[in-house]
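Undergrad: Here the protein sequences come in this chain order: U and S.
Take the first sequence: its position 87, counting from 1, is numbered 87 in my numbering, and each next residue is one higher.
Take the second sequence: its position 284, counting from 1, is numbered 284 in my numbering, and each next residue is one higher.
A hint or two may mislead.
Said to hold, decoys possible - The calculated lysine to any residue pairs, modelled on SDA-like cross-linking and capped at a C-alpha distance of 20 Å, are:
(1) S/LYS186 x S/SER218
(2) U/LYS157 x S/HIS253
(3) S/LYS157 x U/ARG217
(4) S/LYS336 x S/MET252
(5) U/LYS317 x S/MET252
(6) U/LYS157 x S/LYS189
(7) S/LYS189 x S/ASN220
(8) U/LYS317 x S/ARG305
(9) S/LYS343 x S/ARG85
(10) S/LYS317 x U/MET252
(11) S/LYS317 x U/LYS317
(12) U/LYS317 x S/HIS253
(13) S/LYS317 x U/LYS157
(14) S/LYS157 x S/LYS317
(15) S/LYS157 x U/ARG305
(16) S/LYS357 x S/LYS336
Rather than coming from a laboratory, the hints here were simulated on the basis of the structure.
This structure is a prediction, so every number in the text was calculated from the model and none was measured.
There are 2 protein chains.
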Amino acid sequence: MPQILNPRVVFSSIPEGPPDAETFTYLEDENIDIETVDLDGGILVEILALSLDPYMRNRMRPIEEPGDMPAFGMNDTVTGFGVGRILRSEGDGIEAGGHIYGFMPFKKFVVFPTTTAMSLEMSGLGLKVLSNPYGLPWHYFVGALGMSGQTAYYGLKDLASPISGQTLFVSAASGAVGHLVIQIAKLQKLKVIASCGSDEKVALALRLGADHAFNYRSSNISEELRRHGPIDIYFDNVGGPTLEAAIENANMHARFVICGMVSQYNSKLSDSYGVRNLWLLSRYRIRRVSYSWYTAKLYIFCTCRMEGMVMTDWAPKYEKEFFDTIPRYLASGAIKYVFHEYKGLESTSLAFANMLKGENTGKTVIILDEDVARPAQGQKEQ
Amino acid sequence: MPQILNPRVVFSSIPEGPPDAETFTYLEDENIDIETVDLDGGILVEILALSLDPYMRNRMRPIEEPGDMPAFGMNDTVTGFGVGRILRSEGDGIEAGGHIYGFMPFKKFVVFPTTTAMSLEMSGLGLKVLSNPYGLPWHYFVGALGMSGQTAYYGLKDLASPISGQTLFVSAASGAVGHLVIQIAKLQKLKVIASCGSDEKVALALRLGADHAFNYRSSNISEELRRHGPIDIYFDNVGGPTLEAAIENANMHARFVICGMVSQYNSKLSDSYGVRNLWLLSRYRIRRVSYSWYTAKLYIFCTCRMEGMVMTDWAPKYEKEFFDTIPRYLASGAIKYVFHEYKGLESTSLAFANMLKGENTGKTVIILDEDVARPAQGQKEQ
Numbered sequence: 001m002p003q004i005l006n007p008r009v010v011f012s013s014i015p016e017g018p019p020d021a022e023t024f025t026y027l028e029d030e031n032i033d034i035e036t037v038d039l040d041g042g043i044l045v046e047i048l049a050l051s052l053d054p055y056m057r058n059r060m061r062p063i064e065e066p067g068d069m070p071a072f073g074m075n076d077t078v079t080g081f082g083v084g085r086i087l088r089s090e091g092d093g094i095e096a097g098g099h100i101y102g103f104m105p106f107k108k109f110v111v112f113p114t115t116t117a118m119s120l121e122m123s124g125l126g127l128k129v130l131s132n133p134y135g136l137p138w139h140y141f142v143g144a145l146g147m148s149g150q151t152a153y154y155g156l157k158d159l160a161s162p163i164s165g166q167t168l169f170v171s172a173a174s175g176a177v178g179h180l181v182i183q184i185a186k187l188q189k190l191k192v193i194a195s196c197g198s199d200e201k202v203a204l205a206l207r208l209g210a211d212h213a214f215n216y217r218s219s220n221i222s223e224e225l226r227r228h229g230p231i232d233i234y235f236d237n238v239g240g241p242t243l244e245a246a247i248e249n250a251n252m253h254a255r256f257v258i259c260g261m262v263s264q265y266n267s268k269l270s271d272s273y274g275v276r277n278l279w280l281l282s283r284y285r286i287r288r289v290s291y292s293w294y295t296a297k298l299y300i301f302c303t304c305r306m307e308g309m310v311m312t313d314w315a316p317k318y319e320k321e322f323f324d325t326i327p328r329y330l331a332s333g334a335i336k337y338v339f340h341e342y343k344g345l346e347s348t349s350l351a352f353a354n355m356l357k358g359e360n361t362g363k364t365v366i367i368l369d370e371d372v373a374r375p376a377q378g379q380k381e382q
Numbered sequence: 001m002p003q004i005l006n007p008r009v010v011f012s013s014i015p016e017g018p019p020d021a022e023t024f025t026y027l028e029d030e031n032i033d034i035e036t037v038d039l040d041g042g043i044l045v046e047i048l049a050l051s052l053d054p055y056m057r058n059r060m061r062p063i064e065e066p067g068d069m070p071a072f073g074m075n076d077t078v079t080g081f082g083v084g085r086i087l088r089s090e091g092d093g094i095e096a097g098g099h100i101y102g103f104m105p106f107k108k109f110v111v112f113p114t115t116t117a118m119s120l121e122m123s124g125l126g127l128k129v130l131s132n133p134y135g136l137p138w139h140y141f142v143g144a145l146g147m148s149g150q151t152a153y154y155g156l157k158d159l160a161s162p163i164s165g166q167t168l169f170v171s172a173a174s175g176a177v178g179h180l181v182i183q184i185a186k187l188q189k190l191k192v193i194a195s196c197g198s199d200e201k202v203a204l205a206l207r208l209g210a211d212h213a214f215n216y217r218s219s220n221i222s223e224e225l226r227r228h229g230p231i232d233i234y235f236d237n238v239g240g241p242t243l244e245a246a247i248e249n250a251n252m253h254a255r256f257v258i259c260g261m262v263s264q265y266n267s268k269l270s271d272s273y274g275v276r277n278l279w280l281l282s283r284y285r286i287r288r289v290s291y292s293w294y295t296a297k298l299y300i301f302c303t304c305r306m307e308g309m310v311m312t313d314w315a316p317k318y319e320k321e322f323f324d325t326i327p328r329y330l331a332s333g334a335i336k337y338v339f340h341e342y343k344g345l346e347s348t349s350l351a352f353a354n355m356l357k358g359e360n361t362g363k364t365v366i367i368l369d370e371d372v373a374r375p376a377q378g379q380k381e382q
């Protein structure tokens with residue numbers, strides 16, 4: 001078979017503020033012969049879908065600047081989570097025709113050499129051969145069944161300590177993680193308050209089961225939470241003033257799951273919003289005020305916990321349960337997956353910029369192969 | 001016996017910023033006959049020592065203003081934690097001559113009616129008859145053995161999850177709680193970094209066992225923590241820029257115990273310092289950067305937990321262990337108690353103002369009876 005194009009996306013410009021059309025560049029500068037390319041004991045994968053996630057904004061910095069994740073190298077192929085079909089395999093116990101999930105370069109075809117050793121080395125982020133008993137679209141594995149779904153599920157499992165009847169507040173509630181948080185929280189019989197960035201997204205949050213939803217751009221966040229709170233659990237996807245309002249309206253012994261702070265990702269530290277009321281984490285609260293055998297009134301102390309959450313920390317404990325549960329709910333429609341698809345690697349810059357602007361609803365995903373894009377059980381919003 | 005004076009302290013002025021000499025007023029407007037006063041089934045107590053604590057700043061607001069603790073009533077007798085001697089008792093199983101700890105009015109003598117019922121009603125804050133097997137000065141029970149000591153002990157017990165060899169950072173390290181945190185942390189074989197507000201306090205922190213101590217007024221906090229960190233545990237007594245620097249220098253899976261934020265207590269919310277880097281709670285960190293089978297580098301995710309801490313939440317679990325352990329350490333000198341004593345109820349305003357200005361070292365305590373002021377095993381700093 002002849003050489004065919006192996007298109008890819010490189011990182012091409014460090015954005016000053018929000019990413020734009022220059023951030024990534026689509027290139028058709030590589031070829032591959034998929035029948036003869038040397039596998040070196042590994043596998044050849046055709047990538048079907050790639051995930052765009054807000055955390056990637058952190059990687060768009062000068063490579064010499066210290067940071068929390070490795071910077072994208074200038075003119076290097078971008079990397080992120082993807083799902084692919086195994087075209088050929090020399091790997092141990094890995095069959096051609098199977099599907100695989102993991103950290104991948106943004107290209108059409110990729111060879112992963114020495115697969116088994118690699119899986120070990122990459123621990124939680126390693127490539128994983130997928131099983132799909134309900135025949136869900138493969139791109140679900142970078143969304144509802146990938147980092148987004150697992151973040152929602154693990155976050156609500158342990159850190160949040162959900163108690164039936166308590167009140168959960170979720171921000172970015174129509175986003176990749178948020179819209180799943182709403183639905184899982186309702187399955188846990190929590191009361192759900194949702195904040196979103198548009199009236200359309202508010203309507204979606206209500207359709208997905210939120211008991212109350214509001215548009216943070218046109219509402220007083222603290223007032224909404226005062227009226228419908230106090231909050232026992234806050235699932236934070238945005239940070240900034242919303243976090244401050246949530247702290248202000250936290251119930252005693254509230255649990256805050258800090259999942260992301262997308263409102264802050266384009267800011268330099270000096271421009272970032274400062275949360276001014278953290279001392280309330282160890283605040284004192286009145287429980288009863290009627291006691292008066294002398295002038296003192298009766299009160300109790302309370303505390304609030306705020307914990308950073310990243311799914312890989314919890315996958316070892318809950319991954320099996322997740323895959324035993326959520327695919328079934330997605331297949332039955334008990335949980336609806338909302339995604340915003342972009343077609344082809346060439347849409348990477350636009351898709352990422354729109355995601356950070358809040359113009360996408362649900363999970364942002366790049367579909368490389370039309371076959372996986374059928375919204376069989378999913379709900380497509382575009 | 002004739003009537004004798006029963007001096008008291010009332011709340012007399014709501015401070016705009018820091019409390020001052022007008023905040024409290026000492027009055028000699030009440031008399032009591034301690035032999036004949038009606039006990040109504042309760043007990044008559046002579047108060048020996050009273051505790052001044054930064055949390056009391058929250059109570060100095062207009063009474064109609066909602067807040068986290070009941071406001072001090074204007075011209076009402078101030079209340080706080082105290083220790084007293086039982087002069088007479090009609091209470092069930094409570095003997096005259098014993099000593100008692102709990103929430104008390106700032107006066108010389110007080111009658112607590114219907115003692116047993118009251119104890120029940122006040123739950124965690126109730127009066128408690130004391131046992132003192134090591135003959136420690138009674139005022140220790142409002143300090144090293146009271147809220148301060150228990151806060152240090154419980155905070156380091158559970159929330160902090162201390163692991164031998166890890167690094168703890170404590171702010172206000174020569175304060176009521178901080179100086180005990182240093183010593184308990186050293187018993188747990190932690191490396192201790194301490195920040196204080198003067199060079200004298202730095203010297204004290206080092207004498208108490210801190211591995212490194214610095215004066216935050218003349219140092220770059222973040223630079224100090226970068227050099228001696230990263231931090232696995234942060235015991236926060238101050239909030240503000242120190243908290244921000246600690247977040248910046250947190251190790252993976254760090255635990256932040258939010259005990260108090262004294263730097264913020266005089267501020268209105270709008271003037272409060274905003275912590276700008278909370279998104280780092282769910283930051284990503286590089287563990288190894290050598291992996292390069294394609295352009296990706298290997299990293300792992302990490303999280304940081306921040307939890308409000310108030311001792312009453314933990315007393316049910318650890319109080320017995322605390323009283324089995326700490327009095328013995330105090331008696332043997334394994335833990336040194338540092339306190340700053342003021343004599344007489346008339347010193348309340350001055351003592352409180354000095355405490356919030358950082359002019360006291362260790363625990364601030366008002367001594368009403370000279371007999372309990374002997375620094376038998378304690379170290380007195382004034």
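Undergrad: Hint by hint, which ones does the structure fall short of?
TA: Those not satisfied are hints 1, 3, 4, 6, 7, 11, 13, 16.
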